[in-house]
Amino acid sequence: MKKILFTLLLAFAVSFTQAQSATEIISACKEAMGGAAWDKIDGLRYIATVEQMGMKIPLDIVTMRDGRMYTKISFQGMEITQGAYDGTTVWSTNFMTQKAEKADDETSENTKRTCKEFPSALFHCADLGYTATLEGEETVDGVLCHKIKLDKKTALAEGKEVPNIEYVFIDKDTKAIIMAESELTSGEAKGKIAQTKYSDYQEVNGVYVAFSQTMGVKDGESQAITFEKIEANPTVSAENFKFPGE
Amino acid sequence: MKQILLSGALVASSLMSFAQAPVLAAGEYFGDLKARHIGPALMSGRVGDIEGHPTNSDVIYIGAAGGGVWKSQDAGVTFNPIFDDYCQSIGAIAVSPSDPDNTLWVGTGETWTRNSVTIGDGIYTSSDAGKSWKKMGLEKSERISAIEIHPKNNDVVYAGVLGALWSNSAERGVFKTTDGGKTWNKILFVNETTGCSELIMDPSNPEVLYAAFWEFRRTAYSFNSGGLSSALYKTTDGGKTWNKIHTGFPAGQLGRIAVAVAPSNNNILYAVVEAEKDKGLYRSDDGGASWKFLNGDFGLVVRPFYFSRITIDPKNPDIVYKAGLSGSISRDGGKTFKGLGAMHSDIHDMWVDPNYSERVLVATDGGVYRSMNYATTLQRIEDLPLSQFYHVSIDNREPYFVYGGLQDNNSWFGPSDSPGGIEARDWEVVGVGDGFRVYPHPTEPHVVYSEMQGAEQVWRYDTKSQQVKNIKPYAGQGDPKLRFNWNTPITTSVHNANRLFIGSQFLHISNDRGDTWKKISLDLTTNNPAKQMQEASGGLSADNSGAENHCTIFTIAESPKNEKVIWVGTDDGQIQVTRDGGTNWTNVTVNVVGLPANTWCYHIEASVFGEGTAYAVFEGHTTGDFTPYLYKTTDFGTTWKSITTSEITTFIRSVQEDFTNQNLLYVGAENGLYITLDGGAHWSKFTNNMPSVAVHYLELDAKSKSLVMATHGRGIIILDHTELLSELTPKVLEANVYFFPTRPFVMSEKSSFGGTGTEHQFVGNNPSDNARISYLLPKRHTFGKMSMEVVDETGKRVAKLEPGKQKGINTVEWGFSSPAPKSAKGKTLAGGALFAPRVKAGTYTVKLTKGTETFETKITTIYDPQSPFTLKERETQQQVTLDLFNLTEDLAYLVYQIDTWDAAVEEHTKGQSKPAKNLVSLNTSLDAIREACVVTKGDNYVGAGEPQLREKLGDIYSTIGGYYGAPSSSQLENIATLKTEYNKQLAAFEKLKGSDLKKFEAELTKAGKPAVVVKPKEDFLKED
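Going down the list, the sequences are from chains A and B.
Residue 1 is where the first sequence starts when you use the numbering used here, and the numbers rise one by one after that.
Residue 1 is where the second sequence starts when you use the numbering used here, and the numbers rise one by one after that.
Next comes chain B alone, as it looks inside the complex (with noise of 0.2 Å):
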């Protein structure tokens, strides 16, 4: 009994310090730190079907493989996202036939089946035309490849999928929902290794449809099209019965077929059907009942996989578009094709607008193009960033550029701050074919390391010079075969600034840039020879690209504490680690707990905190394993802790560590960016402007805390300032507001001018180069009052800030402008007198006003240190600024003093039909003084008056005030003139002050009207 008592009481005092160990739920306090987007747009990315509107032309809606559903609704000139929350990889996108303007559906994961291709986890349906989503099951689909729903019934809605792409799954076939998608039947279904890749649905009669069901798989090593179970389905009634229709279909196994059926005329079908002979087009003037071979051309039977899908001219049965390398087009019912246009290749969809035959949108690998005539010429679409990255590093400038290679989109790079925003100019290409790993010389970033698919060249490529050079390693005398991956692990080294690594099966070094090659392992993968039989890939298609390569190393890490400390870990699943720069390599795989045999290491971080401290990521989605595997280990791989909990929804591919506190990690998942701030204890996902989009790899910048992200589908994206989340411990989560310390800012001085980009391109955001005042709000400021303001050291504000409510996280930027002086009125708008001086360098102190309490932290401002201006230069700048400052406002209390005597002389005249004459001459002097001080007609553009004193003030104490440097002589000669004026006119004023004015004071009085009342200059300067 006393046993029973102690282990409850264990229990139970467990269970409480369990209780009482602090949550730090990350994702409460992100507040409004949020990511930055910069593209690239200008290569754009896979998009993998299009769909309209059915009668309004302008609305265009595209699903990209892995960059979500974009809108438009200007006939393709501008495209917004619409699905960001959601999984980012589209299959299909279906438009209500009878409710277009308002239901949509998306089935999520991409069905054109490559290597590189994700996983989607549904189908979705909005109601309001894509503003918000709910989730519609079919959760285990993996890819859906179409949806089709009815043309009088909205609840009636079918969907084709195509299933598991690694694994067997039985959530695959076509569905059916009769209740908007609340329950779904599977009304055909083959076996578990083959799917619906294609659903048409006749235009004519809803009762009629069409799927293709596909035999398919790929490993890691292998892919296979094609068997017996593949085939073209029909049903008559909704999908109650459904036949094989293949008289006329070549005999023995089928693989991917791509049916349509003509919109004009619903017995004309065509299908391009991949088999073991007879392989191309085949047609129907029967309804499918019979079909007849037509066309085996190259470009309707290439890469089945990747490119079967036609579309038919919505008017003409006779035009057939057929996706495929190039794109074909027929205009006599499918006899003979030509190419299309110019364009990006890989075509894999195509969008006729069924009010304008003419008008055509392609999907492609490279992204959306619109025609006018047929896809004869072609433009891409330019504001869709939907850029694969596999891949980024970055280099040590400030800023610093990004770097990193796309799927079938080249390798590039730019910067992460360019005047005017990111824009397509900004981007260089430093290699072709598909891109992955690019790497700056570490010291010398004009030389740049770039790579093809499975390595087939590797480049160094020195920008400044233009030379590039192959520095591929061989395979030496003895040695087998090199074995690189599709995407070949390439790093760069912290030690040594001209060392290099490449890994095949073997780990090769380089310590001269890449001229010669050692190899420092033995062949450190499991050497499978099962998994190394490419050339038979492909199944009926024979598809031996180098995508399967396998076997291979993918992951090269080498200790930041210890050059001699290098880990490696291999796409077959082996972490190897050598202390001792590669003499002896420990494989340290058996030591990882809980891990499937043979799941793909793909990512290794080697630690700063310690030299036996290292994090490696695994994934098996290759194998139908979608399970998050992160570990830590800090003894060189003898034991390692498993860090991911089930807050992380699915598999990951990347793990970056903060550099200054431990216990902050980010991982990029298959469905986004997660942070940990306690070693992996709890996860969060950032939503900031964070798509759920794949992020293949993490980069941290070291100087400017930003993390960089490659995502496969939104390009780079950035979340800079994580600093602030470095801060974020359970003791600062306590405060009632706590500021977050914050380093000097410098006080840029570059210029403001924009970049050439054209009105639609995208232009990715630069960061803020503004003082941020960051704060920590333990909940959202809803009621009373809250204000900031910045006060120099003499206790004088010189800012008031708009401070943000909103729990977690809030930064208030502050642009380093003092007040701007007080102007004089005008007619129009001197704008050099609105310009508002610089603070100089200094401490300020902030303050933040919540209510009835106070909260105060203190900034430093630098002045920009790569500027080329002495302290003394500055200190001449702003003395002047200074004198122009008040003058401006001198100014601005004359014109005041005239305008208000001359109010007073025009209200005592008021009625008067001959005012007396000294009263008009008094005005008419008023009014000869104000002409020459302000302009008093015209308009603010090319009407304007002539410039006078308050705009030629203002001009040049802009000038001056916008210039960091020292005034030059010509600008201070203009400036004594104009004070030359001033004075004048500031004489002839006083002069009236002390004789016409005195005299109408005097009559005034003597009126019994009150006398004019010129208030105090402090007190003129203290109004709004």
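For reference, chain A alone in the conformation it holds in the complex (with noise of 0.2 Å):
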């Protein structure tokens, strides 16, 4: 019995010390990316004009802490809303018909289990129920970052509950999160590593928001955004989030 209380006791200092390494390192990400101010922030608002082959398309990304959210493209006088979410329903205007369409259960279902991850799964990822490990080190665009696994527990995907795993690539100097990546479980590209590359940091109501965002698939094409103005805890009329109806 003494073995195993014992075996036991080593498991768990083990795991403790290994736990405690990511929870610092994310600790000490959290308070160089703004620490308590974080706390007052309740929801960011995006504005961006991407601009592609001379087009110029405004685009307005609103992320709420209670989950909500939205994506509005403007372009010849037509709205385009995409991946929004209500608290209840995800929906996207469906461009051709430009009418609003629910998304598919499992996107819905999936979007609920992470809508409360605002401002980052990794800074309270403890209280999301997810696990954070240190798997080592590793150069991205040539900084030297602590790489953590985040075990998001599962998500959908063509009806089987997967893996959700998360890895954050944290800058080792600064503390800032430069990568994240994930491998997509779902659609044509199913298998491949999606990644988001974060830079231009910079200060909003006492935090430190990426202002340049480049989203892509691993060894493959990526596109690039940056935003000229975030806004914390922007007003937004609920109206903007609600599924207009069937």
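These aren't lab readings, by the way, just hints derived from the structure by calculation.
Among these hints, one or two may not hold up.
[What the hints assert, rightly or not] If we take Cβ atoms under 8 Å as the criterion, some of the chain B residues that face chain A in the derived model are:
id, residue
1, K71
2, G808
3, G815
If you're wondering where the values come from, they're calculated on a predicted model, not measured in any experiment.
For every residue, glycine included, the Cβ atom is placed at its ideal position computed from N, Cα and C.
Once you've looked at the hints, go ahead and assemble the two chains, each given alone in its own frame, into the complex.
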């Protein structure tokens, strides 16, 4: 019995050391990115004008601590909403009909499972029931980073529960998040690795936010967006999030 | 004492000078410079192992001979590589029975030991289904044949290690770990020449394992399979004790043994035994205690070193698959066999879905096939670019085409750039059998030279007329038999387009495209008779395929500076040079200091910088020597300097020098590409989208500066824009931002029509034809603003670009677009109105703002020289496009004014149950103008409204803007019509402004309401 207890204690101690190490890095990261000031941020609004092939496409993205969010794109008098969530329904505008349509069940369910991650799943992973472990060090864009594995339990993919793992790379020196990486679990690109890189951090209401994000597939194409303005605690009408109805 | 002080000072001084020498660590500055893969995948490449998830039939893993591990999560429809950072030669894959969603093991080093097989570097495990990997030892195992995981204890793993092929080795046998791979115990070892070729765990009892041991050896000139040490062993106590189970097996020497136990009945085993006599299939019905000979069919006993794999149906112990030349299946417990369905020959493994027996995947020399009917009919999986090139050459076209031969997969050529990407249909066969060196005629690339193994045939193929001629040289009167290597060297000349060289033990030259040949050397090899006994090769199973031909010339290099200077390297380690076109030869081998005798001279690169300068690559893997050997001479081989370092971690096969920077060299190693910026003092491995794959040959295109790599497992991989690397000097690295110089960018006018590949066929990436603005950052930009814009010569911004932020090289692309016009708001999308005109040829300034600093560079754009259009035609097109651009914005402003007034009328009448008639009429009039200007109803698909002025204008505007010649008369007529229509609507609005709108404005004033604010046009256009 003593032996079992000792083994258990040892196992606990080992896992605690590991967890503490990841926790310390995450804590330092949060501190470097604004620390307690994040507690006063309930939402962020990102404004950008994406210029592609000479076209200017205004973008308005809002994410709220309570999980609500939307992305609105405007051009030629049309307003297209994508990936909106009002707390109940995930929806987007169908480009062809310009009418709102609900997302499929799996997308909705996965959104509900992760919608409380604002401002970052990393900063309150324990509250979310996620597990963070330190996987070692890796160089990203020439920056030596801590590699943190974030086990976000499971996600639904084509009718199955699959692991929902995200790797977050934190600059060892500045503690800024440099990149997040996860495997795409459904669709045509299933099995490929999605990457988001963060840069151009600037202060907004006492916290540091990446004004530039580059999204793409590992070793494949990527697209960067630089935000002209990021507003903390934006005043946004609930109507903007709300599914307009069938 | 003084002397000691002096010596100390000298040492300190030399150390200091060493410390101060600038280290050009290229690897820190590669940045976003990235390799692109062009495949092809239509013939794929050799695959040695297939494993599946035990309960989820969607999840399948394949291990390629030289192309890594790939995972499918859709039952084989698509695959993704999951092992690119590690050794690409795969021996075995195992999925944990108790944790199949997470735990995987990979043993590196293919075990189908043909002459071109490469080496592994240990065993790896993943705890997240392949997302990340950890090496778990067995680094010197070279080849891992099997991995078995305890079904209830994930930490207990057995590894069958075949071990070294080319040398003695102690790291072979059966290994066991009980701590998840942290430590390994060798639990069964026979001797240093005999390894474990198969290891099988009893499906019902994990304490029972069967281990086949094989005595084997390969040299560069022979192969032996079999001996008295080969045996089949069984343990019933988890590997503590082992016993031979040979009752019923033939006596005498044995060779490679394939063994399998039936998943549905653990008493039934099958073994295919290579032996002196009675070789064939044996069956045991008592767990191996006794064996009964069943069958010695050709399909079962053919080439045991290449085909020793048995797979038994998971539910029916009488259905047995045997790997082989074509593969076989028995449905009567092994009594009789028939061939598998049509597919590429050389079958190495069969995986039967444990949940649906009819679903079978087959691993071949030509990739993976999938069947839904017990391998009766099969379809090839088309997105596995595993092609194994031995060599690559390129032609002088722009864009260039690549040429090369493949292991068991013919000779091919294909484009480096093709509409819609480089697809299967773009590749053309120019030779059959195993393909090796393929060269286009230097000035007539439709004429292609190719060969098959051992130069059995050497072809000159006219791809236009499809005429093919065998131009192989023959022994002349009095000559000995010509000895040609399996991978015979052929090369063309930069001095004489019709010249061709080929090497046997002699160097042969032809100046008439191979019609006639002249011998221009004596035997340049050691001509060692002991290494020319290929008839005796194979051991228990004769195997004289030509793969072991030796004492042959392997590489030929004519100096680009002087056609009389020709270098030859041989497979038995000789390097010889002539300075008079072949009359006299000097053997300079002895001058290569530090090189073990008879080390294979794999490649000689004659330098463009001096006729006496050359690089020589030697490699000794066929003696178990994995040291990289690269030497440089500048005096015709009188002296050689070693220019490798320990940064290159394995043996190498090829070298390529840059044509402008003498210090920039590339090396093709067995584990990838290495680059030096300082002539070999330091090397860095290039890993950006570049797997750790064997690179057999390198070629540099002088025009595009693309480095083209023949990989033996991942097809052709290209590193474009090496001119950036040639600019990397210590001075450049000191700058805050360094812009690389650029050549004028050609604004390509190719069509944008795509290709014809199906959804899941592999399509190779094209190079970019955008403008590329490249700069070097000394460190990553993480905090603060960073932006980039392009301005024209008047200072007007023509593009905003997203700059890269990483340390090292960053490249931002610009597609030559200037801003699109602001177009009118409507109910639906008018795609044509979004068209952004291309900029004119000229000089543009790129401004990079980083924090408070701005850095600038200039770039030049030019029109496509291939274009048929005159400058005058372009000017006409540009002027008409500009007119339409302006008209699009004029219309946008007109619609904006209508909308503004209309909104004011609506606001004014809001809540009124019966608005005044004049306002209703005004509203109607505004609506009528708007409806003539833009679509106001319908959707963006088949419910679209009738196109109006905006849509029609957008259509003609984008049509004119997207074609770089002058508009046609009918197009100009159409524009005139639209202008008339616009003017009509404008006039109608202006009329309203002078009458009804004026009255409405007065009414607002009278009612104390604010006046309608209509922005000036300039302000309106500035808004996003």
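Exercise. Could you work out which earlier hints the structure fails to respect and list their numbers in ascending sequence?
Key: Every hint satisfied by this model.
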